[in-house]
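Enquirer: Assembly of the complex is requested from the two constituent chains, each provided in isolation within its own frame, with the hints serving as guidance.
These protein sequence lines map, in sequence, to chains D and W. For the first sequence, counting from 1, position 43 maps to 42 in numbering that gives the first Met the number 0; every step adds exactly one. For the second sequence, counting from 1, position 330 maps to 329 in numbering that gives the first Met the number 0; every step adds exactly one.
Be a bit skeptical, because a hint or two may be false.
[Stated by the list, open to error] Chain D stretches covered by chain W per the calculated footprint, using a threshold of three residues with CB under 8 Å from any CB of chain W: (1) 42-48; (2) 55-61; (3) 69-81.
[What the hints assert, rightly or not] What follows is a set of in silico ranges between Cβ atoms, one per label pair, in the way DEER data are often shown: (4) 118(W) to 46(D): 25 to 33 Å; (5) 53(D) to 177(W): 19 to 27 Å; (6) 19(D) to 177(W): 33 to 41 Å; (7) 49(D) to 202(W): 23 to 31 Å.
Since the hints were made in silico from the structure, they are not lab data. Note that CB positions come from ideal geometry on N, CA and C, so glycine has one too.
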Amino acid sequence: MAMFAWVMMGLAIWHFTIFLPDRFWGGIVGAFLGALIGAMIFGVLVNGGTIPGQDDTHLATAIEAIPGAVLGIAAMYLLGVRRERPAATA
Amino acid sequence: MTDRRRNLFILLLVAGLLIGSATAVVVKKTRLGLDLQGGVELVYQAKPTKQAPTVTADALTRAIDIMRERVDQLGVSEPEITRLGNNQIQVALPAVKNADEAQRQVGTTAQLFFYDWEPNVLGPGCKPAPTDPNVTGGPNVNAAAGSLSHYDAVIRATKCPEKNLPNSSSGDQFYLVNDDAKSVLDGPGERRTDLRPAKRGERVVRVPQGQIVVRAEAPDKGPKIDQWYVLRDDPALKGTDIKNPEQNFDNGPGGTGQPIVTFSFTSKGRKVWQDVTRAIAQRGQANQLPGTPVLAAAQHFAIVLDNELVSVPYIDFKQNPDGIDASNGSQIEGGFTIKSAQRLANLLKTGALPVKLDLISQSQVSATLGKQALHQGLIAGIVGFVVVALFLLTFYRLLGLIAVGALVVYAVYFYALIKLIPITLTLPGIAGLILTIGIAADANIVIFERVKEEVRAGRSVAAAIATGYRKGLAAIIDANVVTFMVAFILFIIAVGGVQGFAFVLGIGTMTSLFTAVLATSAILGTLSRSKYAIAHKRAVGAGERRSIWGSFDFMGASKWFFSLSGCILLIGALAIGGKGLNFGIDFESGTRITTTLQRPADENAVRDAAQAAGATNPEVQKVTGKGRPPNTFQISTPTLQPKQVSDVTQQLGSRFGIRGQPNTQSVGPSFGETVARNAIVAIIASLLVISVYIALRFEWKYAVPVLIALMHDLLITAGVYSLTGREVTAATVAALLTILGYSLYDTIIVFDRIRENVPRMPRAAFSQIVNRSMNEVLTRSLATSFCTALPILSLLLFGGDTLKDFAFALLVGTISGAYSSVFIASPVLTHWKEREAVYEKRAERIRGQLGYVPAYATAIGGAPVDVGPKEEKRGRGRLTAPQEPGEISATEFQELVRDIQEPEPAATPSRRGDGDRGRDLDPDEVVMPKGEKREKQRRPRNRRHGRSR
Chain D
0 MAMFAWVMMG LAIWHFTIFL PDRFWGGIVG AFLGALIGAM IFGVLVNGGT IPGQDDTHLA
60 TAIEAIPGAV LGIAAMYLLG VRRERPAATA
Chain W
0 MTDRRRNLFI LLLVAGLLIG SATAVVVKKT RLGLDLQGGV ELVYQAKPTK QAPTVTADAL
60 TRAIDIMRER VDQLGVSEPE ITRLGNNQIQ VALPAVKNAD EAQRQVGTTA QLFFYDWEPN
120 VLGPGCKPAP TDPNVTGGPN VNAAAGSLSH YDAVIRATKC PEKNLPNSSS GDQFYLVNDD
180 AKSVLDGPGE RRTDLRPAKR GERVVRVPQG QIVVRAEAPD KGPKIDQWYV LRDDPALKGT
240 DIKNPEQNFD NGPGGTGQPI VTFSFTSKGR KVWQDVTRAI AQRGQANQLP GTPVLAAAQH
300 FAIVLDNELV SVPYIDFKQN PDGIDASNGS QIEGGFTIKS AQRLANLLKT GALPVKLDLI
360 SQSQVSATLG KQALHQGLIA GIVGFVVVAL FLLTFYRLLG LIAVGALVVY AVYFYALIKL
420 IPITLTLPGI AGLILTIGIA ADANIVIFER VKEEVRAGRS VAAAIATGYR KGLAAIIDAN
480 VVTFMVAFIL FIIAVGGVQG FAFVLGIGTM TSLFTAVLAT SAILGTLSRS KYAIAHKRAV
540 GAGERRSIWG SFDFMGASKW FFSLSGCILL IGALAIGGKG LNFGIDFESG TRITTTLQRP
600 ADENAVRDAA QAAGATNPEV QKVTGKGRPP NTFQISTPTL QPKQVSDVTQ QLGSRFGIRG
660 QPNTQSVGPS FGETVARNAI VAIIASLLVI SVYIALRFEW KYAVPVLIAL MHDLLITAGV
720 YSLTGREVTA ATVAALLTIL GYSLYDTIIV FDRIRENVPR MPRAAFSQIV NRSMNEVLTR
780 SLATSFCTAL PILSLLLFGG DTLKDFAFAL LVGTISGAYS SVFIASPVLT HWKEREAVYE
840 KRAERIRGQL GYVPAYATAI GGAPVDVGPK EEKRGRGRLT APQEPGEISA TEFQELVRDI
900 QEPEPAATPS RRGDGDRGRD LDPDEVVMPK GEKREKQRRP RNRRHGRSR
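So here's chain W without its partners, still in its complex pose (with noise of 0.2 Å):
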């Protein structure tokens, strides 16, 4: 395929698929995250249970579609509900404002179970006393007898003898308590691990299989009480032996008109359900005294909901006298509510949860919240996109046009991407497309700077762009991969919005090598062969060889910044251990609500309305800033139970008023374990493929200099974050990981143009080669760190306060990481090189020639010595690599004539006595060293040395 047709054919491309985008663009629907819309986000940790000894894939994925119906139930539109990791599931319900509620529909395990109740409640003992309305609660089966404390019920449970009964709903239950304040500080769990570790003055205790405690049922539609009783755990019946569960109206003879809850049978629960209410009846006629009525004797049957009695009806044995007949199917009473009988409905209608579902981490954001949040993301968007292209404009001229148009197709590709996938735009979401618009101008700007020099060194326009493109494509590609692997680790390991940042950032980069290398390359492939050919290099932003380093000797300058390194470590390792890390609730668990009240208050106020709602320790902060309404406040607690939350909320809306949904943040002990551990195999595992991958593409020696410098930025921005106190969150996390990758971007310019220069300067010290290589690139390094500062501050200045979390860290990071790429790795690498002995001896030779080793490899009289090896000629017709000028350039051409002219200069014995050492090795050798075949005189010239640019 010819040049004329491979551009015409990618612009043809891009054409075609800019039209199929702005399609998408306009008919598909942006599917918003609950941070940009409001709504509820539930994360559950599954936990085996009897019935499901292991959570298992399996297990999972048939509680999620059972969620997925109770969820469809609630009639909620586009809920998500997905796995995460091998043992949590996030449920994700837009526009839903009440969390305590979607937590009962949604993540209920929903096991039912019926009991004949006397003779399975436990007394003083552990024996039954059927008879004992202190025990039983008598004929009403109420709170006010028979019950205990929870802590009595537990302990009373204790103390019963194992029993392996063939209906029990559980096994063993672990419970932990504090002796002295006779409370039950949490369960029950399956495992001892279940509950959070005891502290001082607290034990877990176990209740042996065969015995369950449970709740007793609330006074008519009034709250949950503190009182439980202890029953032998032989269930009659299950929630498997009954169907078609609805919610009804009491309208039959003598009904009360109240909700209820009416059912059938399966034909083996008919059977059970005939059999267990004849006893019962029989039971009741034969404790009848003469003249009492039926209620006095009358006995019960008990049905329980996970754990807590939902109704005690009694058998009418005098109607019954034969048990129930459960053709007609049966009914349960207690005190409903409409909604609480739907809600009871449901829940037997989808079944139960084959595992027990724990509730870790829970999040309510509000519409009005998420509209401004999605606002200030635009904003931000547009202001670094804007900034971004002015740059462009302004260095490149002519090129910055055709950038900026690149970045316009980018934009409408990505779009269109997030639209057709589809992906859910969330926060973080749009923070990774912002940080892709500095890449995409980044990559603009490596090719460009490259042209600039091919310019400068006295290539037509036409020829600098064609080369300029293909030298700069490797640095690119190398950049590009890491970031990439970098976001796909995160994708994979991360949990919430950190994946859809990651999600983002990879798709982004994708798309970005797309219109940022093709795309261009082949518009100004087109131009440069066209009557309006470029032909002026003003055009293209290439003025008079200007070197703003001069002569600076970057590698001599090293050890003053080595200790402004040293120095910021080392206040940033005291602000560590002095102040340490401001861990925010994603990390230390615990309970965070922002509301806006209607009347004025002061934090005590809502504090003592926080407290009087019960909760614990509440730190109360009043929230200012730009776009805050008046009277905000934060109030950060131990983690608190959705129904808590609610508590709070309402405590403090009867007090003061709330103007619109309060945001509220819960998270578990085990989600901010869960964090941190991930953040941490992130971590490692990015630095570890960031490693493999360079010393692929380089060779061993170039990974540990980045890992230096990687280790560099990550610590100074710990250290930035230690001493402004600002909070460390799950974002921040994404953040430092997103700087891993980026960090790479700028030392990979760096090393690249180290790698190419190492063949071209075959005497030079490796300190000579370093530093020419700096002097080279320096500029374009700046420059993309700049372009990618742009739309981050940006972030910064504009975006809301997530966006602002991100936007710190990135910051920080990406000047740290600029700062590193030349100062820290390249030193370093230099250090290292140094004392192989091949540039032992250059150094050694040079020094013997002029006393000292100049910062720049030059002749005794004073001009360079580098010399450019022959390039070797790639394949035409591929995609990626424009048509090779086939032309030398009037530096290198003076280059090469000054190094014919250049006498060689004699090799001095080494320092270490290895005289078969003292010679120049030839290029090839330079890039992989082969000791044992030095002896091979090989001919460099028909080689390709190392990676020509």
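Bound-form chain D, shown alone (with noise of 0.2 Å):
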């Protein structure tokens, strides 16, 4: 259930980069996979390396995901930026 969370929570953070400069790695689905493998990996370190199962998923279990989400997305922003670089100089 946790895992559930998670990438819900993952795909709703994605929803807003939208907002920001197309400069990621892959584009708007390079983000997407950042957000959710972010989330998805964050929330697993978070629990111990272990998937919190339906009785034990809380709200705190949700929002855990978030700075995973943001990480990742940050991750494939960088990525594209740094990608980006190397191609204008050229």
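Expert: Below, the structure written as structure tokens:
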């Protein structure tokens, strides 16, 4: 259930990337993957490598995904900017 | 074949099929599922035994054959025994009212063994003590002496050494015990994994091969007792050594007149029987003390059926000093009732099942509630049909009338197919049927909107009809194929009623293609060439061109729609985290009893009654609502066995009286796991198949936004379920999977138009192409969604509880699907495609000319700059391709003129310094860019670019 909440939160956060300049690595789809994977990995890490089940999932569990999603999106953005720079220089 | 002949042929075919279908509808009987006519459904999971170490397809088939024979002996009409997956068997018994009795008759393994009693009963230290009545039970072998509690018997057996006896009935056996409570919680299982997982304070123990724990014989006609013996597992005879078992009465000399089971032996069995009874008689004779009666020294013979003592008769050594001659057969006595004796005889007659069957789910539906559900389903179907018909008539006038006619034909065909195949009609099946009414109407809407477009573009009505059908066909086929594929995946993977839903959905989707496309095209084709030709454009509902959406910038506004979706998902995620999902017993396992009481009672009183009958932690809820009689209660408990369910209903009956037959449903943990696992597999498989199909039919970049949109729909639906606290059942999962297929309908319509407009607008930015496409098809998309929502709404309002479950998920999914097609999938596609060099250059060029990228492609003077490429001539004579009108509409002509007059705008250098990419690509290259061949200038005019509508 926690994984479900994380994916949902990652997807929710991703929707707001539309307000950012599209400089993500892989574009909006790259940002999507970054948000989802970031949310899931961070969620698992925060919970000590486990995925809480239905009974152990709380409001905080869903919120745990927010930093992960933001970090994932940021990583894709930085990667996109870094790849763009050599192309522009060339 | 000329068009006239083709149309005539199709119309004759439609009429012929209609007559045949109507005949089938009248003559053939509809096969109703248990949920519509009442009855008992049992689902078993096969487990290996010592005799059949693996569950093979052959073993399951033999088990099904044996079960069918047993069901025949129950006298059940039209039973259905089907295999589910690779290790489950589903038994549907219409009109049967006693689940407990049905379970005992059908699913009993019926492993029968005969033991020489005294030498095989094990006492302390696993030692036999033939002369100790505290071990053997003495002359009467009753439960008062010698027997142990279940826990003590199991623990004693675990301490016995392993023995590899040649005739042993089983291998190692495992039990789950609680040492503190001294109770046995689960078992026996052939493997540890057969038992439920041990919780704190529980452990799994192993009874080594060579001994078994058997339940003591129940006192005359009484209930089963919790007294057990440990036996050395060395049976003298097996069930296969007897033949011709019959229920009879003990009417012989000195007989009691009580029901008994008589049987004869096979030749091998006869010899063994004589030998064993001789040995028993001789042992009794040797044990007899002078002056004591025969009974005091008599030795016994035990008949064990599925680890329970059926009878332990003694051998009268005075009468049978040389054993019992088995030429006249033998008999089993044991306090039988006529019914139980008949049951045992039948079980022995049909033979033992080749595998052990564990009951993992059982449900019982009362006939009254079944009829009520059928009535509600029919009402919902009729209302759904009528509102869809009204919608079509209002918006499409004459075309709508023809579509309604096609819907009637569809309904007759479909009903006939249900009877002819035959499909067992269940409540979920009715939901599928009603949904396909909307899908059938959608196909017509897609075409009719296209026809209206063509009429508004200046074509004659006849030409518009022909062009509309030709251009709309690809999108309809794409959408229906995807729905069919999802239905197919559901049918293969899902279990129970969901399978019925999938089957009906799949058949309905294909049938609707025939009636909604082929039949209506033949009717319209014929009409357009007759003296009754449709001439006026108002007859097809195509008034003056009115762009409802004006110049609305869909892509520009998409950030706000994205934000809205983001907020909804955020709330949904918090709800999932905070509240979770309310999983029904399909997933969580447990027992649910719904019953109407004759005398008033409150929830506490009902809970007390359930607890008194042995139900642990029952949750009782008073059920109210339309169509529900007063005093209806729903009792939810951890999984109960059929006997326990029967005890609870009897207890309720004795305290409050029960009106009619209660509805019961029990789902074991393994069945819940199967449902959950199948749901996940079905969702993943559906997504994969959809992605591959979209990638093949469009291009792979179109598949990713589709997946994101689908994910959006599923998660929003899940969020709504979490927020509303509605129960998630297997039906909900089926509805979600249907959403996967149906949500694509709208997306495909939009993407299909984008694909069509890409080569038509060779100088436009991708956002402009998408804006224009959305502007053109949004009305159509909304119309199809609305048309599908109508029958779903009818289900929600008029359907029973099960149908309402379906309808709620379908409604949320349909709304979300329509929304995501327009406001999620298309913007994602736009953002992604705009990163492609060609579209980047176009946007830069337009920005250079105008200072910004307008929402719609316009020249400096404000006129549209798009133009349609020459359409490829299609082969004539195909049934699905009506005559090409061979004329160009006034709008297209004006567009062509405008394009010729429009000066070619100068290309601006690329931001990334890729100068050679500054020019616009040919439409051909837009559809399928081939960078390495770019230097070769191809003329697009003689080629078909993308897919022409």
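Enquirer: Could you run down the list of hints and mark each one as holding or not?
Expert: Cross-check of the supplied hints:
no.: 1; hint: 42-48; verdict: violated (count 0)
no.: 2; hint: 55-61; verdict: holds (count 6)
no.: 3; hint: 69-81; verdict: violated (count 0)
no.: 4; hint: 118(W) to 46(D): 25 to 33 Å; verdict: violated (59 Å)
no.: 5; hint: 53(D) to 177(W): 19 to 27 Å; verdict: holds (25 Å)
no.: 6; hint: 19(D) to 177(W): 33 to 41 Å; verdict: violated (58 Å)
no.: 7; hint: 49(D) to 202(W): 23 to 31 Å; verdict: holds (24 Å)
Checked against the numbered hints above, the structure breaks hints 1, 3, 4, 6 and satisfies the rest.
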